[in-house]
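Trainee: From first to last, the protein sequence lines are chains A and B. Positions 1 to 289 (the working numbering) are the ones given, in order, by the first sequence. Positions 1001 to 1289 (the working numbering) are the ones given, in order, by the second sequence.
Derived by calculation from the structure, the hints in this document are not laboratory data. Glycine included, every Cβ here is placed at the ideal spot set by N, Cα and C. Be careful, since some hints might not be right.
[As the list claims (entries may be wrong)] Facing chain A, according to a computed beta carbon distance under 8 Å, are these residues of chain B, among others: (1) M1033; (2) L1134; (3) A1146; (4) Q1153.
[Unchecked claim] No farther apart than 20 Å at their CA atoms in a straight line, the calculated lysine to aspartate or glutamate pairs in the EDC-like style are these: (5) K169(A) with D1026(B); (6) K240(A) with D87(A); (7) K1169(B) with D26(A); (8) K240(A) with D220(A); (9) K41(A) with E103(A); (10) K41(A) with D56(A).
Number of protein chains: 2
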Amino acid sequence: MFETALARAAAEIDIRLREALAPLGDQPVIAAMRHALTGGKRLRGFLVLESAALFDVARDQALQAAAAVESMHAYSLVHDDLPCMDDDDLRRGQPAVHVKWDEATAVLAGDALQALAFELLAAPECSPDPVRRLALVAALARAAGARGMVLGQALDIAAETSPAPLSLKEITALQAGKTGALIRWSAEAGARLAGADPAPLGAYAEALGLAFQIADDILDVEGDEARAGKRVGKDAGAGKATFVSLLGLEGARARARALADEAAAALAPYGEKAQCLREAARFAIARDR
Amino acid sequence: MFETALARAAAEIDIRLREALAPLGDQPVIAAMRHALTGGKRLRGFLVLESAALFDVARDQALQAAAAVESMHAYSLVHDDLPCMDDDDLRRGQPAVHVKWDEATAVLAGDALQALAFELLAAPECSPDPVRRLALVAALARAAGARGMVLGQALDIAAETSPAPLSLKEITALQAGKTGALIRWSAEAGARLAGADPAPLGAYAEALGLAFQIADDILDVEGDEARAGKRVGKDAGAGKATFVSLLGLEGARARARALADEAAAALAPYGEKAQCLREAARFAIARDR
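Using the sequences plus the hints, can you model the full thing?
Mentor: Next up, the structure:
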């Protein structure tokens, strides 16, 4: 059920993103935006669609918000891959934007993808109610900025050159910003589109995001380059603290399972309708890429 | 009158920006954001305040929108100065962010400043009316993104390596994106805050923005490094087309004067109240930095 729903979500989000970029022409920076938006699991967009479904929000509206968060996520990947940041040449099995084009194009394509995220949310297609669109915009600006995703990435880069490895508390704070903030926004989006209380979905997302990140650290140790489509073993090689280095492989697996249970429990108010989101929490810790 | 109003606007905008950054702590990326937001003429913020005054919008609300556009402008300068872009070490007479910190911090500080711009606009301080806040957000996302500022910068970078110098039409399109889009947003913001028609202010801003850019090209030829606080003569040295290379120094001066007249004429609907904006058009072509 979950995997079918995720694949369907990804296909629909891809169409919406292509539509959004169609009027922008074919300048290299636009081509780079298209490249950056291609592929990916669309987990964030999926969370938007599934949380919206809990409240019977029209799928067409939810797709607009899903496309917005995937645009924001894609920008963060393009900038994170830059030589001055994580210096990754491969992304989603394809050359990173700065490799296929150049660094300037990668900076600009990322910048434009961030602006596009806000443009998509502010458009009437997202919700007929401007108050709800504005709530999504305000929350996304906070999640993306200096208290959220950017702060997480800054802490991550600072950790590279820090003499002491991060503590569990520090690495949890780092991940809450770097990946947690957008995942939380995505899960809460359905409630915001419906004008409902986003708190239970926020609790779900907080546990899910951390579980997802711990699973990433486990994959980093266990995975192989072909399956993951990106360089692996890099964090461990650099002597950087990860959930695995701090908790051990078995400890990390146990913690991820506990968090997945916690995430599932937070969905209790939504009953059967939340089955797909419950499965997502299982998937987060059982995936192989 | 104009210069006093500009200085007052700059001081008030600086305070609002400091307030906005105060809760963010003192991580290097936040310190870099503060650095990037320091100094500058605040012309864009001034246009917000003055256009808002035409409609008797509360100054406190206009200041929020003014701070937002200055945050967006500051992000664009931080990214434009990067080695992979215009490679400028000095900005506003101070070391550029990537010089004082490093490239990763400059990319991230710019990213967070863009998010901050949207966060400031989405906040209730900007307008009690969410529909008006959303209109400002939607317009700023368009102005900043792949059809506006980013496209202009991308065209500018492409021009560096283009075998043929740009035509007058191409350089006008480039500048309409690179600097014109934010200037236009700023001048229209007052009307949007008041729920009024932004068209006359849009016409004013279009002429003003181009006049400002032509004046920049003239300064680039005539200025000296100490007065401008940034490298000068660079564009001409690189054999890049500018308004001066295309129109000649006298031709460029005449075109700038005609545009300043056009800008002033567009303000006719607002009568005496628009005196300060009229003077801004004169200032744009008479300044020495």
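Trainee: For the restraint on A1146(B), tell me whether the closest CB of chain A is nearer than 8 Å.
Mentor: At 4 Å from the nearest chain A Cβ, A1146(B) passes the 8 Å test, so the hint holds.
Trainee: Check whether the Cα positions of K240(A) and D220(A) lie no farther apart than 20 Å.
Mentor: holds, 12 Å
Trainee: When the nearest CB of chain A is found for M1033(B), is that gap smaller than 8 Å?
Mentor: holds, 6 Å
Trainee: Do the alpha carbons of K41(A) and E103(A) lie within 20 Å of each other, as the hint requires?
Mentor: violated, 25 Å
Trainee: Going straight from one Cα to the other, do K41(A) and D56(A) come out at no more than 20 Å?
Mentor: Violated, at roughly 24 Å.
Trainee: Close enough to count: is the Cβ of L1134(B) nearer than 8 Å to one in chain A?
Mentor: Check passed: Cβ of L1134(B) comes within 5 Å of chain A, closer than 8 Å.
Trainee: Would the pair K1169(B) and D26(A) pass a check requiring their Cα atoms to be no farther apart than 20 Å?
Mentor: holds, 19 Å
Trainee: Can we keep the Q1153(B) interface hint, with Cβ of chain A closer than 8 Å?
Mentor: Hint on Q1153(B): holds, closest Cβ of chain A at ~6 Å, below 8 Å.
Trainee: Would you check the hint for K169(A) and D1026(B), treating anything up to 20 Å between C-alpha atoms as holding?
Mentor: At roughly 19 Å apart (the allowed maximum being 20 Å), D1026(B) and K169(A) satisfy the hint.
Trainee: Decide if the proposed pair is consistent with the structure: K240(A) and D87(A), CA atoms, cutoff 20 Å inclusive.
Mentor: holds, 16 Å
Checked against the numbered hints given earlier, this structure breaks hints 9 and 10; the rest are met.
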